[in-house]
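Student: So you can see what is in the structure, the chains are spelled out below.
Protein chains: 4
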Amino acid sequence: MMIRLAIIGASGYTGAECVRLAAAHPNIDIKALTGERHRGQPMGAVYAHLAHLDLPDLIDVQEVNFDAIDVVICGLPHGLSQTVLADLPVRVRIIDLSADFRLRDPADYEAWYGKPHQAKALQKQAVYGLTELNRPAIATARLVANPGCYPTAALLCLQPLLAAGLIASDPIIIDAKSGVSGAGRSLAQDRLFCEVAESLRPYGVGHHRHMVEIDQELNAAKDAGGTVQVSFTPHLVPMNRGELVTCYVHGEAQALLAHLQDVYADEPFVLVGEQIPTTADVRGSNCARLCVRADRKKGRAIVIGVIDNLLKGASGMAIQNLNVMAGWDETLGLSRIAQFP
Amino acid sequence: MMIRLAIIGASGYTGAECVRLAAAHPNIDIKALTGERHRGQPMGAVYAHLAHLDLPDLIDVQEVNFDAIDVVICGLPHGLSQTVLADLPVRVRIIDLSADFRLRDPADYEAWYGKPHQAKALQKQAVYGLTELNRPAIATARLVANPGCYPTAALLCLQPLLAAGLIASDPIIIDAKSGVSGAGRSLAQDRLFCEVAESLRPYGVGHHRHMVEIDQELNAAKDAGGTVQVSFTPHLVPMNRGELVTCYVHGEAQALLAHLQDVYADEPFVLVGEQIPTTADVRGSNCARLCVRADRKKGRAIVIGVIDNLLKGASGMAIQNLNVMAGWDETLGLSRIAQFP
Amino acid sequence: MMIRLAIIGASGYTGAECVRLAAAHPNIDIKALTGERHRGQPMGAVYAHLAHLDLPDLIDVQEVNFDAIDVVICGLPHGLSQTVLADLPVRVRIIDLSADFRLRDPADYEAWYGKPHQAKALQKQAVYGLTELNRPAIATARLVANPGCYPTAALLCLQPLLAAGLIASDPIIIDAKSGVSGAGRSLAQDRLFCEVAESLRPYGVGHHRHMVEIDQELNAAKDAGGTVQVSFTPHLVPMNRGELVTCYVHGEAQALLAHLQDVYADEPFVLVGEQIPTTADVRGSNCARLCVRADRKKGRAIVIGVIDNLLKGASGMAIQNLNVMAGWDETLGLSRIAQFP
Amino acid sequence: MMIRLAIIGASGYTGAECVRLAAAHPNIDIKALTGERHRGQPMGAVYAHLAHLDLPDLIDVQEVNFDAIDVVICGLPHGLSQTVLADLPVRVRIIDLSADFRLRDPADYEAWYGKPHQAKALQKQAVYGLTELNRPAIATARLVANPGCYPTAALLCLQPLLAAGLIASDPIIIDAKSGVSGAGRSLAQDRLFCEVAESLRPYGVGHHRHMVEIDQELNAAKDAGGTVQVSFTPHLVPMNRGELVTCYVHGEAQALLAHLQDVYADEPFVLVGEQIPTTADVRGSNCARLCVRADRKKGRAIVIGVIDNLLKGASGMAIQNLNVMAGWDETLGLSRIAQFP
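Residue numbers (our numbering), protein chains in the order written: chain A, 1 to 341; chain B, 1 to 341; chain C, 1 to 341; chain D, 1 to 341.
None of these hints come from the bench; they were simulated from the model.
Just so you know, not all the hints are guaranteed correct.
Since copy identity is lost for identical chains, a pair holds within one copy or between any two.
Straight-line distance between alpha carbons at most 27 Å, and here's what the computed DSSO-like set of lysine-lysine pairs gives [said to hold, decoys possible]:
1. Lys297 <-> Lys115
2. Lys115 <-> Lys298
3. Lys120 <-> Lys297
4. Lys120 <-> Lys298
5. Lys31 <-> Lys298
All chains, please: the whole structure from these sequences, using the hints.
Tutor: Okay, structure coming up:
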């Protein structure tokens, strides 16, 4: 059975990556693509690498006939996503790539995003979409809130360890590094080639919004009532794709490694090993790679995780979630092998 | 029916790329991988991105049981390839990625590679493996000589035009630019990151060996008896993958474009369009993209072609040729969509 | 004696590079910096790498007291430059980095820039500022039109050869490649990191405006009355700085090399050698490096030239011209040594 | 008065960078360059960007006439440096870029470098060459041990804070990121362009040798008797130059910032500011830039520092130390302005 898919906000990098994956997926039929600024244009005019595909032209979201749509993947920016998705027919299932439905407490949303949530009823239905850590709920969810890229990498490393009581809840220091595609295609001076190439830039130091998302899931894992607060510092790296988190925690490295290997033993997309991974080891694939090393100080450890921020960190996991929601083989249409070099 | 594949010389970039493609191909069973320097190691010790796959360990080519092999893809360096392949059982079909069997005239080989050919009998059986331009011969060949990356891009642009008499046989100036992966993984100072990044380097000016390969095929296409001699200047570009040829020829741009569109109308992997392509439009796919523009001087034109040098320019076309040889759908196991960004 | 300098349009990359050079120049006193969009801001708010310098804040050009200014360097975009510079007091000498005063024939300007020139009287005073090829006129000029980056590289290669009758005036094919900084700091999708990195892009094929500038100077060198028309195809390379031209011409390579070595023998910033240069060999310096190779076809040659597009191709040559205008040592404040790697 | 300089080990990146700086320095006369593997070659054959300079050819260190040398800068690898430098005449002053003389306790050297020190007498004379933190001793030293690049960045951030008791001595977590040039020009697979570009790689996790150097200086600053032990994790970033340390400490951010501003108020090459620096802000200059941010957890802070690893992190500080040793203006021959972009 084919699923009829609409991709709302298809003109951003994550939207276009969903188009690429969905176009090659054996069970997905792309029925509609929307992009307000590019309304009326063929997708190939916006992304030359998709020009030869037989795709619907970009339309406005109001023009979509949702009666002929089974699933929506939404790549709109946060804020906009919640207002658009609130109007969809209830039989349409949704995977939202924005931050709008990730935070369960509307007060958190308002505090970190600076305005009240506009779709609180819908937010209550949302299920946090980190596949490996929330699979049963995702399978039956109407609305899946796809995690942020940094939370994906950080939670895959830390959540099972905290839940098992193998690491202390403080300190948890996450030094994160990402390629540029995570910032999207919109124009901004600090995304220009000449500002990024041959440079390394810390940003959002002390206040990046992915912090609260990580906190929320770690607290839930531990029933910690909000007491877990991570330190989180992201850096922009001169590369297109790839994300790496270096997590400094208190715990015994060997026990941490063994537990992660155990937890993810049967997961097709989470690979735990002895070797320290690089982001190139997962580039172009939907895999995460994790490892643990002992710090020189007894009782401390360094947990390292890598993902491709556009795949496992966004569009790849969206398709993985869609596979789960449809009851299909979870790896359908997704690559487990990185493209190197 | 599965084909039992051996990849000889699997530890180079093109070899590893063949492993990646073959591992995900529905009809290929990887039976043996060889790599002299890495004999006895698992593939994952040589390429971390392949560490999670169930692959045979690297062995020496002498250790391969060729009775259980249907097809060999050979990624050995030129010179070595000819001596190794001459010893294979005749029932084994071969796709060779080296330059050893591309030149039909042994005198050409000796002149350009500096030593006599060691497998002249085998060389006579070789078929030039530019799929779109030589498909029937490839389908039944025992030995396919996979083209060089530059000749692939250049010939896709020029061969049909010259054969149809739409461009003059002189001048043909090919200004070529390539990413670094084409140079392989062996250690050389000019492939170090710091020597390549933030730099652009012309090389092999006036004497690059791909020149004679282009000449050979253009002469054959025109029955020109060796009179076609292209000017060819390659440049090394600071990127991993991608190759672009800018060809300056005498001819009418519109007629050239129309002819290329006509010739490649039904080809899944050669896309001819109005838009000037970038190498990113084909990165990670097996596609070539071509276009033609009029020069400001009447009667002159610029033909531009792009490929991913590791895919259409090497390992991707090897798998495409294998598909043709096996009588399968030519696109099996190959992506038509670039991974962008 | 100190020269009191105003830099108009200091917020672009070439403007900022002029600030960097002028701030370290022993005989220049930076008296005013203008930048309309950043009016009132310190330079360090626009360029962090200049934050520690004692520089005047950015003001509007109307606020500059030109009575206290000896020389203006103008980094405004073309079109705007001509209207602003027309109003300056006649005692102020000018070096203009835009294209506004490079074309001697107003009809050429109108044809290639799409509108009538607004400062024709001023245009008549303009002297083409390719230092090595026009030094005497520059020394006494009131207004120097600093050449475009591509014309700089191309003319250093070709003009002396054509003037000496050592190359034919047709064909002259210039295949050019540039880093991204030449495109400036203004926001455009195709300058985003993710659009440029791991990609190579031809652009302006058949109609780039630098073509007419090259034509003009070559015709003048040969007294050719407009009959010289080059073919010129630029490509965008994923690097910050650097520009390379590969010029395909008819002539004897050895004679061309000998003549270039002779012409530039005493030039501090033009180095002619046997070795094929890379752009890294000049990155961060004001030097050009040139070489010549024989094509495989008798009587044809390939002339290769490299510059740093922001230095010899823009701001460096502006300072070099200022040194000439002031009667100083031409190398003052300019580096002859590239920064590698 | 000119200083007669010999650069031993001039064929590595740091050696070549010393040549570049010394060649442009007004008071330095380069008298000898050594490079065993390139003996007899002109420097321009090893580094094309230096080909036009009037430099002595590379010779073997045994061929140097040290009677005509005042100062030696040594760019040899560790292990080799100690044996070569032990033989120099005592009147020759030395700046050593290797790790051989940085550790005061020979036991530390043996423990971390795996063999006994071969020049213990000389080691006793060595002065740790972090200019800003050890200026008086450097001024009169015979042998200056130039610090490692990571220790330079880390100690500029942390040493004054620890000495003043403003941060706790545990935890001190240094998450470090560096461009590739720090690894030198010798051939290694993981320095190839294709292995580094579009990738981020942690390395030396838990055991990088720069750790002990940082420990030594922090303990000395605090009279801590060896109790300070930092956690240090370096990462390789796909860029040529630049180094950034993100230091997680316990202390009050505002007090830390105020103290650093105070300590470095008069330093030409250490700039402390409110703005978070990027490595591009110092690329090509001898400056470090530092800033401090409060962590979200009370009483914790993040100290960030950037340098150009080849300049302030190696060759630039070597020249700065030479200026100090000679009693010259410390900024002579060194740039305080980054080259951006």
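Student: The structure should be examined with respect to each hint, and the outcome stated for every one.
Tutor: Status of each hint after checking the structure:
{"no.": "1", "hint": "Lys297 <-> Lys115", "in the structure": "between (43 Å within a copy, 24 Å between copies)"}
{"no.": "2", "hint": "Lys115 <-> Lys298", "in the structure": "between (45 Å within a copy, 26 Å between copies)"}
{"no.": "3", "hint": "Lys120 <-> Lys297", "in the structure": "neither (46 Å within a copy, 30 Å between copies)"}
{"no.": "4", "hint": "Lys120 <-> Lys298", "in the structure": "neither (46 Å within a copy, 32 Å between copies)"}
{"no.": "5", "hint": "Lys31 <-> Lys298", "in the structure": "neither (56 Å within a copy, 46 Å between copies)"}
Of the numbered hints stated above, those contradicted by the structure are hints 3, 4 and 5, listed in ascending order.
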